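Chains A and B, in that order, give the protein sequences. If you count the first sequence from 1, position 31 lands on 31 in our numbering, and the numbers rise without skipping. If you count the second sequence from 1, position 100 lands on 100 in our numbering, and the numbers rise without skipping.
The set of hints was computed from the structure by calculation and includes no laboratory data. Here the structure is a predicted model, which means the values were calculated and not measured. All residues carry an ideal CB built from backbone N, CA and C; glycine is no exception. It is possible that part of the hints are untrue.
[What the hints assert, rightly or not] Simulated pairs of lysine-lysine, BS3-like, Cα-Cα distance not exceeding 25 angstroms:
| id | chain 1 | residue 1 | chain 2 | residue 2 |
| --- | --- | --- | --- | --- |
| 1 | B | K74 | A | K28 |
| 2 | B | K74 | A | K165 |
| 3 | A | K167 | B | K74 |
| 4 | B | K74 | A | K158 |
| 5 | B | K82 | A | K165 |
| 6 | B | K74 | A | K21 |
[What the hints assert, rightly or not] If the Cβ cut is set under 8 angstroms, some of the chain A residues that face chain B in the computed set are:
| id | residue |
| --- | --- |
| 7 | N27 |
| 8 | F36 |
| 9 | V74 |
| 10 | I81 |
| 11 | R86 |
| 12 | L87 |
| 13 | H93 |
| 14 | R98 |
| 15 | I108 |
| 16 | L127 |
| 17 | G128 |
| 18 | F132 |
| 19 | L188 |
| 20 | S190 |
| 21 | V192 |
| 22 | S201 |
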Amino acid sequence: MAIHIDKPIHADADNKQSAAKVPVESNKTLVLGLFFGILFGFLLQKGGVAKFHVLIGQLLLVDFTVVKVMLSAVVVGMLGIHLMHRLGMVELHIKPTRLASNTIGGLIFGCGFALSAYCPGTGAAALGQGNFDAIAMIVGMIAGSYLFAMASGWIARKINPVGDKGKLTLHEVLPINNTMVTIGCAILLSGVLVALETFTSR
Amino acid sequence: MSAETMTATLLAKINPLDYPGPAWSPYLVGALIGGLSMLTFYFSNKPLGASTAYARIAGMLGRWIAPTFTNSLKYFQDNPPKVGWELMLVGGVIIGAFVAALTGNELTGQLLPAMWQERFGNDSGLLRIVVTCAGGILMAFGARMAGGCTSGHGISGTLQLAVGSWISAICFFIGGIVTAMLMYWS
């Protein structure tokens, strides 16, 4: 069964709106989005991941900046968000595991990732930094999103059900207690970071 | 021959390490992005993710150009196009990166990245535009099919230890590594 995590609670209300009228979220939501975006973009640029050669260097396995940034974010966020969840401060937003869609979609994404040398977030950061070729990525992203929407009915019927495991996390897969899984993963990924720092030149 | 010299020999002409690296430590930047994702979960009840914004724009344009057809598509029925948090986030990323590049004297202001010019020549503007646009199309299609992109799955999903996010993120890199090696090692 298809579960749509990102679907807002008021989706049904939105559906009834006329074509001409585009719904706009509350000002507070928009201002927070903009504010967090500015911080995110600032960090992406300072982290060098908006740079063409840093992205390509990662995919050629000579510059590990991208993986270092990602794994550091994952370790800190993993400990922080699971702790906040335990304290009842935040809700989790787990996306469904669908083996076929995750794998095929992931490989298609990866191919595009190398072609443009930007990803959806770092491409926006690259544009802010002055890389005008990122505009072509943005145009492509909009076109590609629409193409996906055109195929979405078929994909939802034929591909998504293949290996659909629902909102699966490692906590459910591993036969040890939840806290140990989270802390164990953080330690394991920190070990990967230490290894990267030791064995890579950048 | 060590792995590093082998890589250097294979790359011969173009070496990504010849170009400047990040301004700040990647570990510091990563830790701060991890902290930022805690803030977005707490204050906005949303994970960091960039690709949805492009789908929102696609939906809004689609409703403007071909409203009936656009409204008939499953994805837009499930995810109605709107000006929302995700779109503002990506708009903010452009502004934040501009400020970062300005303060760090790293504004580029050019169509062709330096390393691309070395590989494909100074007059390869049209090729770059076509390739980048094709990359965008594939990324958007792949991200929507997989359920997220390098931030939505690669950071926000993996940190929640979602199995699908780890599979997707690993596939992003497998697809990317194979394609990049074909493009830059010939």
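Against the structure shown, which of the earlier numbered hints fail to hold, in ascending order?
When the structure is compared with the hints, numbers 1, 5, 7, 11, 12, 19, 20 and 21 turn out to be violated.
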